[in-house]
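These protein sequences, in sequence, are chains A and B. According to this note's numbering, the first sequence is numbered sequentially starting from 4. According to this note's numbering, the second sequence is numbered sequentially starting from 2.
There's no promise every hint is true.
[Said to hold, decoys possible] When the alpha-carbon atoms are kept at most 25 Å apart in a straight line, the in silico PhoX-like pairs for lysine-lysine are as follows:
| no. | chain 1 | residue 1 | chain 2 | residue 2 |
| --- | --- | --- | --- | --- |
| 1 | B | LYS114 | A | LYS222 |
| 2 | B | LYS185 | B | LYS217 |
| 3 | A | LYS300 | B | LYS138 |
[Said to hold, decoys possible] Not everything, but these chain B residues come out facing chain A in the computed CB check (under 8 Å):
| no. | residue |
| --- | --- |
| 4 | ASN88 |
| 5 | PHE91 |
| 6 | TYR230 |
| 7 | LYS234 |
| 8 | PHE344 |
Because the hints were derived from the structure by calculation, they are not lab data. Where a beta carbon is used, it is the ideal one built from N, C-alpha and C, also for glycine.
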Amino acid sequence: MAFAAFSTATAPSTDSVARRRSPVALFLLLPGILYLVLFFLTPLVSLLLTSFQTPREFGDIGQYDYAFRWQNYTEVITTYWPHIVRSFSYALAATFFALVISYPLAYFIGVTARKWPLLQSLMLVLVIAPFFISFLLRTLAWKQLFSDESFVVQSLKALSLLGPEAHVTGTAFSVIFGLTYNFIPFMTLPLYTTLERLDVRYLEAGNDLYASPFQVFRKVTIPLSMPGIVAGTLLTFIPAAGDYINASRDFLGGTGTQMMGNVIEANFLVLQNYPSAAALSIILMTVILVIVSIYVKRSGTEELL
Amino acid sequence: MAVGAFADRGADLELVGIEKRFPGFTAIENLNLTIPAGSFFALLGPSGCGKTTTLRLVAGLEEPTSGRILIGGADVTNQKSFQRPVNTVFQSYALFPHMTVLENVAFGLRRRKIGDPVAKAHEALLLVELDHLAHRKPQQLSGGQQQRVALARAIVNRPALLLLDEPLGALDLKLRRQMQLELKTIQEEVGLTFLHVTHDQEEAMTMADTIAVMNKGRIEQMGEPQQLYELPKTAFVANFLGQSNLFTGPVVSTTSTAIAVDVSGQKIVVPLERAHRISGEVTIGVRPEKLTLHAEEPTYNAGRNTMGPGKVIDVSFSGVSTQYLVAVPGVGTLVVFAQNMAFGPAAHVGAEVWLSWNVEHGFGLDDDPADAPRFEADLDTKTIAQQRRSSLVTELEEA
């Protein structure tokens, strides 16, 4: 009895003391912390300061002074609110389509193809294969395919599925299509990793408990693959919301399809309006953070992330 | 249990000419089986004998290659798993990790749109004495508790037929015994038909009303536990259900009540009604606990078979009894279980002993020793009997 009391009283405390005072862990964390301070925290603070800058009096274009000009924010919101709304709706649509296309694909690779490991690896390679070609080249290729003289558009026009004056490039369709296409691997891979570990015995148990295949999918498969769904949608939604390649006029976009990324690019590189570009970036970041935290909280997968 | 809206009693299960082939091998061949309503039926066999496949066929998780499955007289062969009035307690439990214990138990009720699923789930949890943990997640429970939740999740639906797939496999011995008793009690209480698949012969014998011993996709023998133990029909059953000492030899004389078999020059008598074969080469046997050790050659007694002399090669004490291995020249090694009625072993290693047993305790197997037995292509029953013994010897030496 006395021995038991002794062991329970001392053993955990020495353990936790050792854990608290160990300098090794801190030492090992140091490079990471330094890296984050240098390359994440510093630019972030700089960005925040820039977003409140005011144009220099009698200065040249592109010359600004540090100030607290919060009007930068109201100005960019009033000017660019259609782009902000468009960014998030395009990103949302692309995420939705990528999920709808990737889920069956990931399910097939991860669950159905378990019996054939060779097919499984082959399909995984096919999912990753587009990465071997530059993202820009692939997007340009789609621009060619969707151009007015292309076979696809000509055929659609011949079939009267498209009007004689209609275009495909430069429309919301082509931008969302490009985003969906470019982010499908980012959706498929996390989905695959969760589905690959999905224990089919749970599905059998669901069937055994009177759930039809559809009910099993809704009540068992979907909840169990939630970590993959959350990871995949975040990996798609976040970069898609800030993307400026697909929506760019040089690629699949047009004047009416500009997203926040394009506006930030234009403000920064063309207009040299750094405070506006910075304010837009901060807005983009904040909105994404808010959306993501609400999403993660609601999907109940905090512990899985 | 006041869950009245379901099947009010168990249904009988009938398997007619079931055959199941997988690419490359046959898991079950021509299985015919009838399990009467309300009984506790055990399918016993080693791993890979087709017992779990049989269970999955009944549950609808596999489709038979041919044959029919009837539950309560209705043909369910073409019904999907979720349409069958059957529930399974899985070996892995398969409790949904994303749901609480309560939601797990209520799952089947909700799918069938049965009124007041929460209250009924609580009732089922009370039955397995786990209602206080209703709001935990399955991962937070111990193995034994998970097992009980799996049981509650199945019986709450009041299925006509409950399938148990080695549900006690992961439990330690004490919990196992306790769960065996609980299962039996629940079965009697709710009057369901239980089909229990196990490789644990003791579990099958203590729980089931009827046992079918399965091997290589076929049922070797079926009957009440005691009948199977006392009068095994095949060498497989004789050795799978407990241990046996088996001998092979030609029948030398037959009377109206008994046959006499020559085993390496020793005449062994088996009652006629306990012998499945009565002429030619036969395999006969006797259970180790039926044997008596003698330090001197026993005087001739018409009611007893005698064998010996042999040499004790191993003595192992196991509390209630002591196990002796006796090597008899020309016959092989015999296993003897002797109850520890007095202190100390009755014989020491190296002692010369004789063995005897009541003629009534012997049994004759149905196996033809000349037949190539199914389990090992080129071995006869005698070799297998010896193999079993030698493997037992090595096992004992290792221990």
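Consistency of the hints with the structure:
1. For the hint pairing LYS114(B) with LYS222(A), the CA-to-CA distance comes to about 15 Å; that is within 25 Å, so the pair holds.
2. Distance check on the hinted pair: LYS185(B) and LYS217(B) sit about 28 Å apart at the alpha-carbon level, beyond 25 Å; violated.
3. Straight-line distance between C-alpha atoms of LYS300(A) and LYS138(B) comes to about 19 Å, which keeps the hinted pair within the 25 Å bound.
4. With a least beta-carbon distance of about 6 Å to chain A, the hint placing ASN88(B) at the interface is held under the 8 Å criterion.
5. A cut of 8 Å between beta carbons decides the hint on PHE91(B): the least distance to chain A is about 6 Å, and the hint holds.
6. With 8 Å as the threshold, the beta carbon of TYR230(B) stays out of range of chain A, its nearest partner Cβ sitting at about 33 Å, so the hint is violated.
7. Interface hint at LYS234(B): violated, since its Cβ lies 34 Å from the closest Cβ of chain A, which is beyond the 8 Å cut-off.
8. Checking PHE344(B) against chain A by beta carbon gives a least distance of about 35 Å; that is not within 8 Å, so the hint is violated.
Checked against the numbered hints listed earlier, the structure breaks hints 2, 6, 7 and 8; every other hint is satisfied.
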